[in-house]
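Student: Sequence:
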Amino acid sequence: MNVVIIGGYGGMGQIFIKVFKDYGWNVIITGPSREKGEKTAYDFGVKFSDDNRIAKDADITIITVPIEKTIATIKEIAPIVKDGSLIADFTSVKINVCNVLLRWTNKNAEIISIHPMFGPTISDIHGQIFILCPLRTEKWMSVIEKFLDHCKAKFITATPEEHDKAMSVIQGLTHFTYISIGYTLKNLDFNIRESRKFASPIYNLMLDIIGRILSQDPYLYAHIQMENPLTEDVRKNFIESAITLNNAINSKDEKNFVRMMSSSAKHFSDLGNAVGRSNKAINSLNTELEILKNNIGKEIFITCHQSDVIHFGLIKTIDAENLELENNAIYEKFKNFKIANIEILRDAEEILNVKINAFGTAKRDFTVLLDDGIDETLITEILKDRKYWLEINDVCIKDIYRSEKFKDNKSVCYEILFVNRDMKTKDAEVRKFMGRLGKLR
102 MNVVIIGGYG GMGQIFIKVF KDYGWNVIIT GPSREKGEKT AYDFGVKFSD
152 DNRIAKDADI TIITVPIEKT IATIKEIAPI VKDGSLIADF TSVKINVCNV
202 LLRWTNKNAE IISIHPMFGP TISDIHGQIF ILCPLRTEKW MSVIEKFLDH
252 CKAKFITATP EEHDKAMSVI QGLTHFTYIS IGYTLKNLDF NIRESRKFAS
302 PIYNLMLDII GRILSQDPYL YAHIQMENPL TEDVRKNFIE SAITLNNAIN
352 SKDEKNFVRM MSSSAKHFSD LGNAVGRSNK AINSLNTELE ILKNNIGKEI
402 FITCHQSDVI HFGLIKTIDA ENLELENNAI YEKFKNFKIA NIEILRDAEE
452 ILNVKINAFG TAKRDFTVLL DDGIDETLIT EILKDRKYWL EINDVCIKDI
502 YRSEKFKDNK SVCYEILFVN RDMKTKDAEV RKFMGRLGKL R
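Numbering (the numbering used here), first residue to last: 102 to 542.
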């Protein structure tokens with residue numbers, strides 16, 4: 102299966118290069134910058150072309166370019182895709198885009214407009230939501246559904262109109278509200294950092310969500326507001342609602358205020374679940390901080406959200422915002438991190454691999470005299486069960502020797518590959534363990 106990603110060296114394109122490759126599809130990316138394209142192609146082991154017309158030979162063509170360039174790109178690419186192939190876009194607005202796709206696409210090709218409901222910061226599409234707008238399809242809808250099932254992603258189908266109506270609130274109202282709050286705080290010259298000292302958990306969570314939105318591409322968010330034809334009415338309704346609520350407050354009309362809030366609560370219908378989910382989100386903000394505080398002086402492994410780089414070291418100091426690691430890796434004495442930008446690494450296998458990459462490995466042989474009735478592989482399995490504690494990369498039986506002088510015993514030599522640090526402690530632990538089962542030689 103040959104897939105061409107138009108705009109493939111962008112953030113979203115790079116996510117799907119990896120996903121498509123892992124699925125076994127051949128990937129070619131295009132884009133106007135040869136330097137960026139060739140670098141991305143080299144990094145991911147795919148091909149690059151600066152000519153979008155390469156899509157004429159593709160089985161699947163994905164258009165993932167800025168919203169403002171999508172229409173022009175469709176008009177360039179859609180007429181030349183081959184018979185029986187699939188063309189799709191990844192834009193977050195659908196009505197206008199889908200009309201252009203239907204008008205310009207080769208009549209013998211199939212069309213599915215797709216909206217991945219996530220940004221380019223994720224590392225995997227597992228559990229992520231896709232909205233599929235099938236415009237003209239026979240065989241390809243089942244192919245895409247099978248692909249998403251394989252990736253354990255979630256998907257729903259919708260018409261372009263249903264999509265844009267939902268997005269006018271899910272994206273349009275949400276972004277508009279939080280950007281408005283951010284702009285208000287700016288106009289008030291409000292000290293956000295200082296305010297966190299007085300803040301409730303829900304306020305901190307709100308600030309983090311606002312900060313997340315404000316850190317994104319403002320041009321993308323502008324086009325989400327301006328290209329969806331249904332967002333204007335939603336914004337108008339929001340402003341009218343805010344004015345009505347404000348008037349009730351200014352006039353001290355408690356009855357009307359209570360009516361507005363109560364009727365809104367009734368409309369939500371699942372307030373209990375909303376409270377539960379928000380409590381879970383709030384608690385998660387404190388969980389890692391508590392773990393870090395309880396492990397001062399101990400080794401910890403963390404991932405940085407901004408770089409996906411794994412760091413480790415002994416926790417030296419920690420406060421509500423900052424973490425300092427000591428003996429961070431081999432070459433760094435101290436390293437400071439923002440708590441908000443890290444995540445504790447909990448996967449034991451991944452941690453072991455980080456240690457192996459950082460310190461290398463060291464091989465040791467242990468020979469023990471065992472009763473002939475003891476299954477020598479049992480020791481191998483027990484040691485493998487303790488691999489994370491003892492930092493063991495591999496265990497194998499190197500030799501089994503029987504002799505008349507051993508009588509009813511056998512000499513078994515075990516070869517163990519350790520992470521190459523603190524070898525005296527590991528040697529002592531293994532000898533202590535083996536000494537309980539037999540006689541060390």
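Hints are not guaranteed to be accurate.
Stated by the list, open to error - FRET-style restraints, in silico, Cβ to Cβ:
1) 381 / 427: 31 to 39 Å
2) 390 / 291: 22 to 30 Å
3) 390 / 296: 57 to 65 Å
4) 173 / 302: 45 to 53 Å
As the list claims (entries may be wrong) - With a Cα cut of at most 30 Å, we get these calculated DSS-like pairs of lysine-lysine:
5) 464 / 540
6) 464 / 439
7) 506 / 488
8) 511 / 399
9) 394 / 356
10) 367 / 394
11) 298 / 148
12) 436 / 525
13) 298 / 381
14) 525 / 485
15) 394 / 298
16) 287 / 183
17) 119 / 170
Rather than coming from a laboratory, the hints here were simulated on the basis of the structure.
Virtual Cβ for every residue (Gly too), placed ideally from N, Cα, C.
Student: All hints, please: hold or fail.
Tutor: Quick rundown of the hints versus the structure:
1. 381 / 427: 31 to 39 Å: Taking Cβ atoms as reference, residue 381 and residue 427 lie about 33 Å apart, which means the hint holds.
2. 390 / 291: 22 to 30 Å: For residue 291 against residue 390, whose Cβ atoms are near 25 Å apart, the range 22 to 30 Å holds.
3. 390 / 296: 57 to 65 Å: 19 Å, violated
4. 173 / 302: 45 to 53 Å: 46 Å, holds
5. 464 / 540: Roughly 21 Å between the alpha carbons, so the hint for residue 464 and residue 540 holds.
6. 464 / 439: Violated, at about 38 Å.
7. 506 / 488: The given pair, whose Cα atoms are some 34 Å apart, is violated under the 30 Å limit.
8. 511 / 399: Given that 30 Å is the threshold and the Cα spacing comes to 41 Å, the pair is violated.
9. 394 / 356: The hint is violated at about 47 Å.
10. 367 / 394: Distance of about 41 Å is beyond 30 Å: violated.
11. 298 / 148: Outside the cut-off at roughly 51 Å; violated.
12. 436 / 525: Holds: residue 436 and residue 525 sit about 28 Å apart, inside 30 Å.
13. 298 / 381: 22 Å, holds
14. 525 / 485: Holds, because 19 Å separates the two Cα atoms, which is no more than 30 Å.
15. 394 / 298: Holds. Residue 394 to residue 298 sits at ~19 Å (cutoff 30 Å).
16. 287 / 183: 51 Å, violated
17. 119 / 170: OK: residue 119 and residue 170 at ~24 Å, within 30 Å.
This entry does not satisfy hints 3, 6, 7, 8, 9, 10, 11 and 16, going by the numbered hints stated previously.
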